[in-house]
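**Q** The lines below spell out each chain.
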Amino acid sequence: MHPLVRMVLKRVLLGLATLLLVCMIIFLGVELQPGDAAQALLGQDATPESLAAMRQELGLNRPLYTRFSSWIANSFHGDFGKSYANKREVGDLIGTRLFNTLFLAALAGSIAVPMSLMLGVLSALYRNSPFDRITSIVSLSFISFPEYLIGYILILFFTVKWNLFPSLSQVTPTMGIFERIYQTLLPAITLSLAMSAHIIRLTRAAILNVIASPYIEMAHLKGVKPLRVITWHALPNALAPIINVVILNLAYLLVGVVIVEVVFVYPGLGQLFVDAVSKRDFPVVQSVSLIFAATYVTLNLLADVLSVVTNPRLLHLR
Amino acid sequence: MVTWPAFRRALLFPPLSAWIGIIVVAAYILVAVLGPFLSPHGETEIVGAAYQPWGGPFVLGTDNLGRDMLTRLIYGARNTTGLAVVIAAIAFVIGCFPALLAATLGGWIDQVLGRFVDVVMSIPALIFAMLFLSFFGNTIPVLIVVIAILEATRVFRVARSVAKTIVVLDYVEAARLRGEGLLWITCREILPNALPPLIAEFGLRFCFVVLLISSLSFLGLGIQPPRADLGSMVRDNATLISFGSVLPLLPAAAIGLLVVAMNMIVDWISDLASRSKR
Chain H
224 MHPLVRMVLK RVLLGLATLL LVCMIIFLGV ELQPGDAAQA LLGQDATPES LAAMRQELGL
284 NRPLYTRFSS WIANSFHGDF GKSYANKREV GDLIGTRLFN TLFLAALAGS IAVPMSLMLG
344 VLSALYRNSP FDRITSIVSL SFISFPEYLI GYILILFFTV KWNLFPSLSQ VTPTMGIFER
404 IYQTLLPAIT LSLAMSAHII RLTRAAILNV IASPYIEMAH LKGVKPLRVI TWHALPNALA
464 PIINVVILNL AYLLVGVVIV EVVFVYPGLG QLFVDAVSKR DFPVVQSVSL IFAATYVTLN
524 LLADVLSVVT NPRLLHLR
Chain B
246 MVTWPAFRRA LLFPPLSAWI GIIVVAAYIL VAVLGPFLSP HGETEIVGAA YQPWGGPFVL
306 GTDNLGRDML TRLIYGARNT TGLAVVIAAI AFVIGCFPAL LAATLGGWID QVLGRFVDVV
366 MSIPALIFAM LFLSFFGNTI PVLIVVIAIL EATRVFRVAR SVAKTIVVLD YVEAARLRGE
426 GLLWITCREI LPNALPPLIA EFGLRFCFVV LLISSLSFLG LGIQPPRADL GSMVRDNATL
486 ISFGSVLPLL PAAAIGLLVV AMNMIVDWIS DLASRSKR
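Going down the list, the sequences are from chains H and B.
Under this note's numbering, residues 224 to 541 are what the first sequence spells out, in order.
Under this note's numbering, residues 246 to 523 are what the second sequence spells out, in order.
Worth double-checking, as some hints may not be accurate.
[Claimed, not checked] Partial pick of chain B residues on the chain H-facing surface, computed with a CB cut under 10 angstroms: (1) Ala263; (2) Ile368; (3) Gly476; (4) Ile486.
[What the hints assert, rightly or not] Pulled from the structure, derived: some chain B residues nowhere near chain H, Cβ distances all over 12 angstroms: (5) Ala272; (6) Val278; (7) Asn309; (8) Ile335; (9) Ala420.
[Claimed, not checked] Simulated restraints, written as ranges between beta carbons of each label pair: (10) H:Asn386 - B:Arg253: 50 to 58 angstroms; (11) B:Gly352 - H:Ile295: 27 to 35 angstroms; (12) B:Ala251 - H:Ile360: 23 to 31 angstroms; (13) B:Gly359 - H:Gln256: 29 to 37 angstroms.
Hint data in this document are derived by calculation from the structure and do not stem from the laboratory.
Positions of the beta carbon are idealized from the N, C-alpha and C atoms, including for glycine.
Hey, can you work out the whole structure from these sequences and the hints?
**A** Written out as structure tokens, the structure is:
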């Protein structure tokens, strides 16, 4: 078998094992709770007969491992059970919110990635110039600031002072794409500012690392223009760590999204998760954290595999 | 890697950025320790109407319930940093020692601990923390244990990789050959020389814990009212932002300033720790 295929298979298996363990934690955490789903759905004053009937209907009197496997199987089919809080299907609650969150994350990613790659390349090109220093200081402080500080500063200026954007992102399923982008832009910019710092710093460092090699000096001596040396000669060899950090930051968006959605009252998965956690609405908590976990593990896997694909030397470590 | 005496000597001469960081962090520690004496009112005392303006009897005005904002800020900083120090310390103890053992012993213990840590780290800390807070209820002890365990996995990663580079050195081998026990080797041979990078890691963990606690509190899942906390203060007063007031930004900026200052110190220490022996 080709070593690359073997490595990818190994990583995929490891990722699946991780996901399985996370599923177990999510499942067992709810199992440990006093009371069960039938009790939660019917309320405290349910008769023993109706409780027994409900348990039968939900399959709660089956052994633990059958319930675990059917929970996973059902989740893959999009059947996440009923919310304790409002008795609605969790699948219905998640549907449009998942799309909203993905839209926000996609918009944030498409702002942050090109912007921070460009800033990273430029600060490598003009290293130690005032431009480089300012970029470095600003990006360092954005790493250290909590996301809601950035969000509220943006609201203060763009909404309250200049009245350019709405402070609450009201998105509805029927709105047009441009209206949707307009409503989502401010939270997306907040997320991009929070995530771009890592990408900028790593892009700069990766390019500077490559620039020290003799072939770059050769290119300079040949008379190639500095910008072309960076984009044409240095960037391809610096790509592996950059791709890695970009994907890891896309995975980070999941965390950022929870806080930013609360700041802008954006109707996404993050808000739903926060509400569910504070109400201890376990079916919703389980399914949302499962979605988050699956996305995160997948993106990490992708980062691993892509960094090996772009830098085959990593195959022969150890 | 730098030796411990050389590291200790270099600690006496911080550069300018580290000085700024040290002064700011020292100010926070002072405020945290002296909080009850510095603040003009009690932590949860309602002293006037809600949302009083700045100046006058209340330097920074009052919050959404009519509590003095300056007092709340002082107590908020006290609670947040105090809790963060406790959590970071616990995370360090339960992360470091297994890591040193894993690095010294190797074999299946190393494998099992490593895999466990991989699983915990494969999910973002905030999501995991929210998950566990929903399972066990959001009380302070649960908060401490959950965040300490989550952060301990990150400490484990760093401590193990540092210890791995030391385990193979000659003096550890010499200690093994003269028949020293496991405890001696980990605590007397490996730990002192792993300390410089671990100190930098402690500062970094502190930053992450501060951000994590205040994010949870901001979401309403961390420190519960009426205790003051920088994160929940942002949440409580957030409506003021639509009237153009910077009040809700103050507690958030207090968090940002602390984390930036700590990062400046961490940058300096990790730079020292990674400097090669001269």
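**Q** Which hint numbers does the structure go against, in order from smallest to largest?
**A** 1
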